[in-house]
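**Q** Note that the protein sequences, when read in sequence, are chains A, B and C.
Going by this note's numbering, the first sequence opens with residue 51, and the numbers climb by one from there.
Going by this note's numbering, the second sequence opens with residue 854, and the numbers climb by one from there.
Going by this note's numbering, the third sequence opens with residue 105, and the numbers climb by one from there.
If you are wondering where the hints come from, they were derived from the structure by calculation, not from laboratory data.
Every residue, glycine too, gets a C-beta built ideally from N, C-alpha and C.
All clues given are correct.
Some residues of chain B that are not near chain A, with every Cβ distance over 10 angstroms (derived):
(1) 870
(2) 880
(3) 956
(4) 973
(5) 1013
(6) 1031
(7) 1035
(8) 1211
(9) 1286
(10) 1351
(11) 1441
(12) 1466
When the alpha-carbon atoms are kept at most 27 angstroms apart in a straight line, the in silico BS3-like pairs for lysine-lysine are as follows:
(13) B:1171 to A:58
(14) B:976 to B:1249
(15) B:1178 to C:137
(16) C:268 to A:90
(17) C:334 to A:90
(18) A:150 to B:1455
(19) B:861 to B:1136
(20) B:1353 to B:1390
(21) B:1451 to A:150
(22) B:1262 to B:1411
(23) C:200 to C:268
(24) B:1178 to C:169
(25) B:1422 to B:1444
(26) A:191 to B:1422
(27) B:1340 to C:200
(28) B:1390 to B:1325
(29) B:1447 to B:1469
(30) B:1325 to C:268
(31) B:1171 to A:53
(32) A:191 to B:1411
(33) A:191 to B:1262
(34) B:1455 to A:148
(35) B:1178 to B:1190
(36) C:268 to B:1340
(37) B:1455 to A:191
(38) A:150 to B:1431
(39) C:200 to B:1325
(40) B:1469 to B:1263
The lines below spell out each chain.
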Amino acid sequence: MKKAAVDKIIDSYGADRSQIIAIMNEVQDEERYLPEETLKHIAQRLELPLAQLYSISTFYRVFSLVPKGKHQCTVCMGTACHVRGAERVLSELERVLKVKSGETTKDKQFSLDTVNCVGACALGPIVIMDGEYHGQVTAAKARNVLKKPEAK
Amino acid sequence: MNKAKALKSAEELKALFQSLSSEKTVGKIRVTIPNATCSIARGSAGIIRRLEEVLKQKKLFSQVEIKVTGCRGFCQIEPVVVIEPLNVLYQRVSADDVPEIVETSLVQGQVVERLLYPVSKEKRARTEAELPFYSLQKRFVTENCGVIDPTSMEDYLLTGGYQALARALKMKPEEIINEVEKAGLRGRGGGGFNTALKWRTCRTAPGEPKYAIINADEGDPGAYMDRSLLEGDPHRVLEGLIIGAYAIGSSQGFIYVRHEYPLALRNFRTALNQAQEYGFLGKNILGSGFDFEVQVNQGGGAFVCGESSALMASIEGKLGEPRAKYVHTVERGIWDKPSNLNNVETWANVPLIINKGADWFAQIGTDRSKGTKIFSVVGKINNTGLVEVPMGVTLKQIVFDLGGGIPQKKKFKAVQTGGPSGGCLPESLLSLPVDFDRLTEAGSMMGSGGMIVMDEDTCMVDVARYFLNFLKDESCGKCTPCREGIKQMLAILNRITEGKGQEGDVEQLEEMSGGIIDAALCALGGTAPNPVMSTIKYFRNEYDAHIRDHKCPAGVCKALVTYAIDPQKCTGCGVCLKNCSTGAIKGAKKKPHKINPKKCIKCGICYEVCKFAAVKRS
Amino acid sequence: MSHQATTASEIKVLIDGQEARVKPETTIIQAAKTLGISIPTLCSHPAVEPYGACRVCTVELKRGKRSRMVTACNYPLREEGLEIQTRSERALRARKLVLELLMARCPEVKILRDMAREVGLEKSRYPKGDEKERCILCGLCVNICNQVVGANAIGFVSRGVDRKIGTPFLENSMDCIGCGACAFACPTQCISMTEKDGVRKIWDREFNLAVCPVCGNYYAPIDQLETIRKQVNLPADHFKVCFTCRGLKL
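With the rest of the complex left out, here is chain A:
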C-alpha cells in the first residue's frame, strides 16, 4: 500500500496514538492484511516503538499479518449458536474448504474464521459470508453459504 494512502488514514485520526486500533483497521481494510513495511511506517509516524506496535497487531484478533483470502467466511461461536449446533457447522466448513479455522485456502479464495458472538442470536447458527449474514445455517446447508460468491 502506498505510503501516501497510509498517511492519509493516519492524518484523518490526527496521528493520535489512542486511535491505533481504528487506524490499523482502516489500513487493513484496504490491503486485506497488514504488511510488515506498512506497520513499520505506522510505528514511525505515531512515534511508537516497533515492538509495541507488533504486540498490538498480534494481541487484537481483528488484525492479520498474513494476506487473507478473497472471500471471508466467519462462523459465529457464541453460546446461543453453539447450543444450536454451530460446532457442527464449523466442522463441515473446515471439511469442505480443507482448512482449519483461522486459515486461508491454498488458492487464496477463502479465509475461514470464527467470532465470539455477533449479537444476532435469533438467527443462530450464523455464518457471515463477505459481510452478509446467513442465519439458521445447519451442517447440511453449510456448503451452500460458500456457493454464493461464485454464483454471482
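Given chain A, work out where chains B and C should sit, using these hints.
**A** Coordinates of chains B and C only, in the frame set by chain A:
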C-alpha cells in the same frame, strides 16, 4: 427540513420541540420497518426497497411515510412491518408480500390475516400489545427502539429528547447524583455496582481532567441488548452520558465500541455529529457553561477489553491487559486520571430517572434491584429476542411466558445466565426472581442479561467445556492462574468429553477452582470456574455418565455418540446417503440403509436431513 | 471498593502477627521487608513498576471480618487496621496452584521447584509441557527494557496460551542495544546471551564490544554505550574507558 442551528438554551430547545410537534405530519399513513442487524439479515432492506418501488408505481409515495427503525426486540418474527393508523403488526414478512400489503392494507385499509402473529390455532394477534412476548414487559428504556428513526435527531427530539439534559443542566451536579442514588440505579453491564456511588467517587477524586466512558464492548456471547440500544436509540445513550459527565465534572467522554458492531458504531457516530450540530455537545452546552466532547474508540476483537482497566488501556493505545484495581479506575483510570465507566444500558436509564424522577424509578423492581433490565432470551427457545422487564420477574416467566417455551416440545434443562462469568440454573430453580442478588446466591449471576435456554439435547459437560474454550481464547495471558489454569481445566474437560475422563477429575476441577478464583488478576480468570462449578453442582449425573459410563446422555459429545439407522423406520429414500460426505452410508433404493461406524465422522448431517426420524443418535 | 487515601503520615499494619509502621502507599511486600518477612515473588523487581502477573505473592488480607486475596507486590497500604497473612490456608493454596501450573509449563526450571518445596509441593500433577520451555512470562525482560533501558526492543507477542516474548516480527530487533539487562533480570535464565571474541550475541543480533584502552578488556556493547551517551547528552569520549579503570583514574 429545518436546518440545524445550535441551541443556546433550554428555552430554545422547548421552542424547537413545540414547533416540531405542530409540524408533525397528520393524515399520512405510517409504515414502520425495523432495519437493524437482525432485520437486515432476514431481508428487511429488500422489503423497504420493494415498498418504495410499489408505492412509486402506484403513485402513493407522497401519501405514505416509511419509517426505518431499530429493532423492537422480538427478533424471532423479523422482518416486521407495522402500519398506522390501521394499527396492525405483520410478522415474518418477505419482499414478495409487499404488493399485497400495499393493496390490501394501505389502499383498502384492510388486514392481511395470514401475516398476523398466530397466538393460538384459532386466534391471531393484530397489534404488538396482544403478543404474549410483550405481556410482562415494561419497555421504558427501549421505548423508542423500533418506533423512531435512530438516525433522525428530529425523531428523538419529538419524544422529548434532550429535555432531561436541559433539566439536569439547571440542577447542581450533587443534586443529580443524589437523584440517581435515590433511584437506586445499579450498573447494567454485569457488576451491578451502585452507579451514584461510582459517580460521586469520581467526582471527588483528585485529578483533572475527568473522563466519562460508555462501555459498548458487549462481549458476553448471547447478549446483545447494548447493540440494539445503540442501533435503535443512540441519542438516549448519549444524553445519559452527557448528564452523567456533567454530574461527575468531566469534559471529555469516550465510547468504546466492539469491532463486531459496525451498525451500532455508525448510528452512534451519526448521533454524535447531530448532537454537535444542535449544540448538545461542544462548548457551553445549552448556555450552561458546561463543555463536553466525545471520542469514539473501536475494539479490536478482544473480549477482555470489556473489563474496565483493560478497556482503558486499550483507549490509551496499549494492549488490552487488565491491571490490579486496588486503586480503582474511578480514581486512576485513563492516563491515570479519574475515569467513570458505565455500560450502555446504565447510561440509557439516566434520562429516564431525570425525566420521571427517582421515586418513580424506585417503585419498579425489587428491594435492592430497582428499575427494569433488558434480557436477551436465546438458544433453545421459541421466542428469541430482547425483553425489558421489571427486576423481580422470575426465570420461569421469562422462559415460558415471554419466551414461549422450548421448540419442538422438547424438555427444558437449564438456563445459562451471566455469560462466561455466570452459571447454569436447572429446572428446580426456575421460580427464582431475576435480579442482581438472587441469581448470585444460587451460583450464577444476572450479568449483562444474557439468558441462554438449554434443553434435553444440550450436554452440560459440553457447555462447561465450551465456556472454558471461549475464555482460553479470550484470556489476555498476563497472569498464571488464568492463562495456565484455564488451559489445564479445559484439558480435563476435553478428556471427559472425549471419553477419557478419570475418577478424580471432578474433584480436581473443584480444587483448582478455589485457587483460580483467589489468585486471578481480573474477573475473566476469577469467574472462569463458575460455569464449571455450577454444572458440576446441578448436573453431576452428566459428568458421572461421561466419566464412568463413557456416555453422553444428550448425544452431543462426538466421541461418545454413535449414529445408526433404524431399519424399521428407514424408507430407503437415500437422502442421507446423498448427503454423507465420507461414504459411510450404504443401501439400495427403497431398502433400509446402514451406517458404517468406521467411516462415520459423526457430523450429524444424516440425522438432520432424514425426514422419517430413522437416524438414531445415542 | 477502594477507601480514600489517608492523610496520616504513618499507618500500622499487621503482617503474620507482627506490626509494621509504614508510610501510606507502601506495598505489602515493602512493608513485610521492614519486618524481615520475605514474600516469594517471580515477576517483581525493585527497578520496575509492580506488574502483578505471576500471582505467586498472593496473600490474604483481612479488614474487620472480611477477607480478600491480593497480590503483595502492588497492593498499596492506605488504611489502619489491616491484617495480612502471607501463609494462610488460602494464600498457600493460591501459591501452590500458581507454582504447580508453572512447573507443568516449565518442567526443568529449578527456581520453580525450590519455591514449590517451600509451600509443600513436590511435583506437578498436570501434563508436562515442553522440557525446553523456561519462560514463565513474568514480563521482567519486557518491563526492564521499556522502563529502565528505554530501548523497547522486545515485547509480548499474541495473547492467552499463545503469549510469548519476542522481537518485532520475530526478526532482529533494530532497537536492541545489546545491554543484556533482560538476560540479567530473567529469574529463570531463559534469555540466551553469549560473548566470544569481542562480540556479544543476544536476540539473534551481534554487538561489537568496546575495548578499554587502559586494561584491554571488553566491557560493553558499543551500541549500548552510544545510546546511553546520546540519551543523557554526554561528551563523545565519555565511555571510552571502562568503568573500573575510570574509577582508578584521578
